[in-house]
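There are 2 protein chains.
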Amino acid sequence: MNAPTSHQHLAPTIAQREVPPALIAELQTRFGTNCSTAQVIREQHGRDESAFTHVPPPAAVVFAESTQDVSDAVRLAAQYKVPVIPFGVGSSLEGHLLAVQGGISVDVSRMNKVLSINAEDLTVTVQPGVTRKQLNEEIKSTGLFFPIDPGADASIGGMSATRASGTNAVRYGTMRENVLALEVVTASGEVIRTGTRAKKSAAGYDLTRLLVGSEGTLGVMTEISLRIYPLPEAVSAAVCSFPSIEAAVHTTIAIIQMGVPIARVELLDGNTIRMVNNYAKLRLAETPMLLMEFHGSPAGVKEQAETVQEIATEFGGQSFEWATTPEERTRLWTARHNAYFAAIQSKPGCRAISTDTCVPISKLADCLLDSIVEADATGIPYFLVGHVGDGNFHFGYLIDPSNAHECETAETLNHKLVNRALRLGGTCTGEHGIGLHKMDFLRAETGEGAVDMMRTIKRALDPHNIMNPGKIFSL
Amino acid sequence: MNAPTSHQHLAPTIAQREVPPALIAELQTRFGTNCSTAQVIREQHGRDESAFTHVPPPAAVVFAESTQDVSDAVRLAAQYKVPVIPFGVGSSLEGHLLAVQGGISVDVSRMNKVLSINAEDLTVTVQPGVTRKQLNEEIKSTGLFFPIDPGADASIGGMSATRASGTNAVRYGTMRENVLALEVVTASGEVIRTGTRAKKSAAGYDLTRLLVGSEGTLGVMTEISLRIYPLPEAVSAAVCSFPSIEAAVHTTIAIIQMGVPIARVELLDGNTIRMVNNYAKLRLAETPMLLMEFHGSPAGVKEQAETVQEIATEFGGQSFEWATTPEERTRLWTARHNAYFAAIQSKPGCRAISTDTCVPISKLADCLLDSIVEADATGIPYFLVGHVGDGNFHFGYLIDPSNAHECETAETLNHKLVNRALRLGGTCTGEHGIGLHKMDFLRAETGEGAVDMMRTIKRALDPHNIMNPGKIFSL
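These protein sequences, in sequence, are chains A and B.
FYI, the numbering for the first sequence is 1 to 475, going by the numbering used here.
FYI, the numbering for the second sequence is 1 to 475, going by the numbering used here.
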């Protein structure tokens, strides 16, 4: 592991390729009003929730309504060697949707059908534009649910493409574990299928796992089969306040090491709770807090809760507040899911530079505590939330994007944090992806050899580099 | 999904490439007595537990003792464009170890050190020659265990390369879910690293998962980081007899659909139990049987067991026999793990043609019952065991390899079974891999498009096709 040698900057490298008018004309002939070149539509598709700005929007947006649409759009783009950027709901935090090399956006948000629910097999097959909340709404009556929950109401396509996770990953895994099979339009416009709905398979290269997390650089997902789970018989949530971040973190480490099958364990620091209280009119104690949830049978949930309460008490945890009704639980978890928006609203006009390191659980305290000291020393406002059961946490440094000093400070903090996480055997990104901004970190994390292997695969599968170029690595 | 159009045969396609004496000389200079060309050593390394015969052995065997050894051996082979076949303990069931295109065997069984145990993080890093039993022996004192248990005492390298699993997969997943990070020698002899010990990551292409299950065709694994688990506080095993296979299978389906976190649920048919009774001097009832195991807290295990007993009783399950002491459990599970050897011994001189289909759980009864009727109609002896909680089961057709009629009958049965599994949305191989024998099945399962993508990746990463060529797909 080599430390990255240069600072990263918020202005992405832009190397626009030409989009010939002939391609636009062909797209308009094929797609009619489903191909738009309106400025406002293009601009909507040329940005995401990242802090990146100043990238020209894509030259056109195709609203795909079927696999055939996606295939035809990619075929035409391939013919002209023009970049294709798949678009779901635009909730990427890492610049995945920016047209840094120009090209066209293929918006799959209208491909939003749940194609089949196989309740007996605990699987579901969806189009990529289905969002996670929509999916859970549509399968509610079956007594099953899809647990992966990034903060945003992201599309399943986007979540698959970025290997997303969320608060439930500690028990249910990430998109890596929960995508079973894919239909994908490749860089040549061909439609292929990977995987089956069988729970396990040893049939050749694991293309499903290669494509999950490939950030749109190898193809456009057009169908996704997922694992779903029986709604737990009993659910119980708890909030526990701690005298220090350290105490909360050591409680988490002990819970995981003891093998308690906790469903969620989220950290918020006192400062973030203050923001959430203001935003959502809550009155949570403004000290470090763990938000926890237990899934299982009534007896199992009770047992888990008792074990955790014992551990927490040992580390000085106090004022356990329990929530067993759905309404009470929703109130608590809304607070957690609102943290990002609460923080953004606390500093008008700001953007959040979100970190995403993930370390082996035994290193969590080391990684987190030193980074808090560093951040506090700069005086920059931030929020801090963490899927701490997985060793994953996010600082959100709140910066005014036009203030160079603030940008630089946030960058420096992120840089130090990532280097610390890598030294501790962790990763620069637990769930947001590499996108535009973490390419140096990726090289530092995995070494040139592995990145070269990724590049070799990319060149072989996308020889003209048209699939979301300029993301993950430079070619 | 297209049905395979031609029958498969037990004689693999052999297209030996020349191994120049100059390469052997260079290997002997570099490795001294750790490079052997003795006939008996070569023959040991030219076969495995599959039914394939009549393939000439590799030209030489290099006993690697370090990553550097593997790298040097691959570099020399690459220089002469000579195939390299990685070898662990030789327990493949699919011909992975056969030198169908000639070449050299790189035996990693002496790379058998547990490099680090990170008990606090529930991870361990091992060399590829460590076997699963050795690993569990070496971590026993930490209170942790590694759950993946194919029948053989396979090497962790071999298990990773074939995406193996076993009886515990229903709760703990397969090698896909449990390999965190790899060190790999690529086709050029370069050493790369993939993944980290962090529990989750969204850092670029998931090379770890691409390599797991690639059957030695993309590189040689030289270090493997794995997830390990706290030994459950309580374990309880049970045997339950059923009036019919159908009743046993429907019990399994109900257990899974209700979300009972059962650790193991294995099916044996009456005929297989008879073989096991003879072999191991047991007196199990010779009717269809489920062998089950529950892991958790004492209360949790009790609760699971009660739920399962209720379900089983509904389907006519009877004479539950419980085993709570380690000795009793070992006795039961030894029976299961001995099924293969018991069957082989029941027909002197026979080989087993093992099927490995895996289907979505709701299709398990359809797939299994029709295949039993088919097998019974032929009169061929077989054993039948199944990791039925995953929808995965194995027929082992017991054939005299010199009897063309028996071979043909077994092939026809396997063929029909696979086609049935594919029609039901399943896979031709749950855990053994494609190897030499299932290439047509792979194409039928995933389509030419996906196999072409695999080939494109293979050609890009191994341009001279030296890494275990002739496996998974033809080039």
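Read the hints as simulated data drawn from the structure, not as lab findings.
Even for Gly, the Cβ is constructed at its ideal location relative to N, Cα and C.
There could be a bad hint or two in this list.
Each pair of labels, with its calculated beta carbon distance range [unchecked claim]:
| no. | chain 1 | residue 1 | chain 2 | residue 2 | range |
| --- | --- | --- | --- | --- | --- |
| 1 | B | Ala119 | A | Glu408 | 54 to 60 Å |
| 2 | B | Lys416 | A | Asp366 | 36 to 42 Å |
| 3 | A | Arg423 | B | Phe341 | 34 to 40 Å |
| 4 | A | Ala119 | B | Gly349 | 53 to 59 Å |
| 5 | B | Gln318 | A | Arg423 | 54 to 60 Å |
| 6 | A | Glu314 | B | Gln318 | 44 to 50 Å |
| 7 | B | Phe341 | A | Val373 | 56 to 62 Å |
| 8 | A | Val373 | B | Glu448 | 25 to 31 Å |
| 9 | A | Thr330 | B | Ala299 | 25 to 31 Å |
| 10 | A | Arg17 | B | Thr412 | 14 to 20 Å |
| 11 | A | Met258 | B | Gln318 | 34 to 40 Å |
| 12 | B | Ala25 | A | Gly449 | 55 to 61 Å |
Inset, instruction - Just pull the numbers of the violated hints for me, sorted ascending. - result: Result: hints 1, 2, 3, 4, 8, 10 and 12 break, sorted rising.
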